[in-house]
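A.B. asks: Here is what each chain is made of, one letter per residue.
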Amino acid sequence: MKIKNWFIIPIVLAFSLMLATIASNSLFASGIGERAQEAILRMRTAQFYDVRFSSNHLKVGEDLVVTGKVMILPIWPHELGFSGIGYINFFEPGPRLVRKETVVNGQPVFSSMIIKLGDTYDFKEVLTARQPGTWPVGVTMNIKDIGPIVGPSIKVTIDPSSTPYTNTVQTLTGQSVNLENYGLSRAMGWSFLWVLLGIGWLYYWLILKPTAPRLGLAYLEKEDELVTKQDQKLGLLFLGLVIVLVFGGAFIASKQFPIVVPLQKTFVRIDPLPQEPTYVEAKVNKATYNVQQRSLDFDLVVTNKGTDKVYLRRFQTANVAFLNPAAPDNQWPADSPEVNGGDLQITPNDPILPGETKQLHIKAQGAAWEVERLSTIYKESASRFGGLLFFGDTQGHRNIIAIADQFIVPVFQ
Amino acid sequence: MQTQTIRTSPELQKEGLAVGKRIQFVAWVIIGMTVTVGTFASQSLLEGDWSFWIDWKDRRYFPILGVISYMLMLVSVQAACWIKARLPVGMTLCAVGINLWQWFERYVNWWGWFGYPMNELFPETVIPCAIAADCVLLLSRKLLLTYLFGAYAFALTFYPANWVMIAPFHQPIEALGQTLSLADYIGFSYVRSAIPEYLRMIESGTLRTFEGGALGPAIFFSGVVGIFIYAIFWWIGDQCTRNRWVKKI
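Which chain is which? The protein sequence lines are E and R, in order. For the first sequence, the positions run -1 to 411 when the working numbering is used. For the second sequence, the positions run 568 to 816 when the working numbering is used.
These aren't lab readings, by the way, just hints derived from the structure by calculation.
Calculated lysine-lysine pairs in the DSSO-like style (CA-CA distance at most 27 angstroms, straight line):
id, chain 1, residue 1, chain 2, residue 2
1, R, LYS588, E, LYS220
2, E, LYS207, R, LYS709
3, R, LYS709, E, LYS227
4, E, LYS142, E, LYS377
Just so it is clear, the structure is predicted and the values come from calculations on it, not from any experiment.
Kindly generate the complete structure, drawing on both the sequences and the hints.
C.D. replies: So this is what it looks like as structure tokens:
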């Protein structure tokens, strides 16, 4: 049977609608784009660690608490520029969770912060589940002139709740408002009123008056036939109406809301965390990246200035962590959102004794370099890497040493 | 003979007028949609986030950028409509078109797709400003007066017309250990992952004079800049409507 032409349009429309429906249901972000960033940014600027998400399964209205630390590496890549302005942010595909609170080093923070090189920021973000679904979420450190440095992420599943979500706050004038829809009907009402008035104006000129003859008369410059006294009276009426509505509306609004404040904008200074005693010194001597083996190798000279033997427990860079299996109680934490890069191979892998200076050869090998798109470090404009070395003694003390600026030489064979 | 019958037949004349009105309506709808797209392109590129977010609509940049970003296209279309047909509708046509389009687009994309509440991103309106400027043109019928008073009519009505909608969001609350406006807190709560707080270009610090009143100087400044924009974009609108562009070569 031949399909008639008139039948094709509904078929095409239905097909397009079907595709749009499928796309709208399946094309939500499945990640937060951390691998899209250059390795130089993720390894050499800010490093997240100890990040924990309180849950990965919530109901609408339940809270998600994200805690962790982020260190601004002490030697900042000069080629990137350092603005000294940062902002702890949350990454999600639209506001599926609503942020209630951000606390940095014990201080509640709304604004951007003044950040310093080498400082560590202990943060807590509290969010409330708002929209059902499974969403990739994570924490980021936005740094002005650099962009977002993405921390560890997880997928959170939010189940519907029997009660609709509300986000109620109380103003200082004592009014309780639901931020989900507060003020919307007012904005819609006024917009609708102006659209009506605009359509009225257009109706008079574009529908009631024939346009085609005006083109010829305008060409002949017959002004008086085109703009009559009646037109000008109407213009005066509309102008008067606009003035009355605009300034009358603003006057009434100022009476309805006599206490208002301008939008708030400032930068906050965050008190630094108390300095931890340093009992380990470490320096990287030479680093290579073996492309075929997918392995980062470097020599490390370590001096133990403490009174207890220490182990190199962990090497972490850009959310990928390698753990030393020989260090006591050093299993991969089940709730860690970081990427497990594999075992950290250390030669020799004995503890560093008090007062001892030792050269270690470190090998961090694993597919994570490729999967997380960090192996590109040797192809970027600055072949250098950074990261954090976690040393620990048997007492549970921890010293974190930042590698911030180390050149890396690729090995291709 | 046939032409004579058409000319003298009252039924056919009536029908012809009705068809003409329909064609005129369709033509204006198409023109309206076209200028809406142009307005949307220039306005979104210039005003961007100030148009979008409730916590960007401040006292300093919003009245300036809001006025300037809309005026470019609106003045050009006003010039075209006036020069070609003495119709004082160009600004209103663009303003109504873009307002309807913005509400639709934000509902579909930002509320429907991303889930942002509409009270965080409802569009501002320039319809009263556009009607006022169109009326100034109609009443004065003089270019210089239109540049001067049209630009100021547009600039002076912009902020008060929108203040009616944004005033409730400037009520103070106590959150995160400080005083915030509701608009600030909405911007903080409904996370914009790609727009950290430091990118929010709003009034900060002080103007260091005018007793801290940022709004008055901003409106005055937008009016002054508006006069020049009016002159420039009227000329552009005039040039675009010249017959030379459709002449055979």
